[in-house]
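Engineer: Could you put the whole structure together from the sequences, leaning on the hints where they help?
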Amino acid sequence: MSLTLIAKQQPSSINALFRLRNEVFKDGALSAKEKEIMAVCVSCLLKCDQCLETHAKLAKDLGATVDELREAMLVAMYLAGPSSVIWSPKVDEILGAQD
158 MSLTLIAKQQ PSSINALFRL RNEVFKDGAL SAKEKEIMAV CVSCLLKCDQ CLETHAKLAK
218 DLGATVDELR EAMLVAMYLA GPSSVIWSPK VDEILGAQD
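For the sequence shown, the positions run 158 to 256 when the numbering used here is used.
There are no misleading hints in this set.
Straight-line distance between alpha carbons at most 20 Å, and here's what the computed PhoX-like set of lysine-lysine pairs gives: (1) K217 x K247; (2) K192 x K214; (3) K183 x K214.
It should be emphasised that the hints constitute simulated quantities derived from the structure, not laboratory data.
Structural biologist: Rendered as structure tokens:
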């Protein structure tokens, strides 16, 4: 089931999810940028293309550099092994890999 279909069928649940997201990702002891970088790391561990793409874009929009994102992905790789990063071509897009 897609998030789009769930949003159509049960919008109150999706709205609650987005309210939680907005609360969790606002600036606090950690900046929103730092939280998005953490989400990039977790997205690698969960092997979620959509999550990785979304959180990397949001992190970049908040000022994260490619170097910061690369280091976050290296942390994921250290904790879970190379498969936590090499599974997705999105990583290459995010880091701006050259052929």
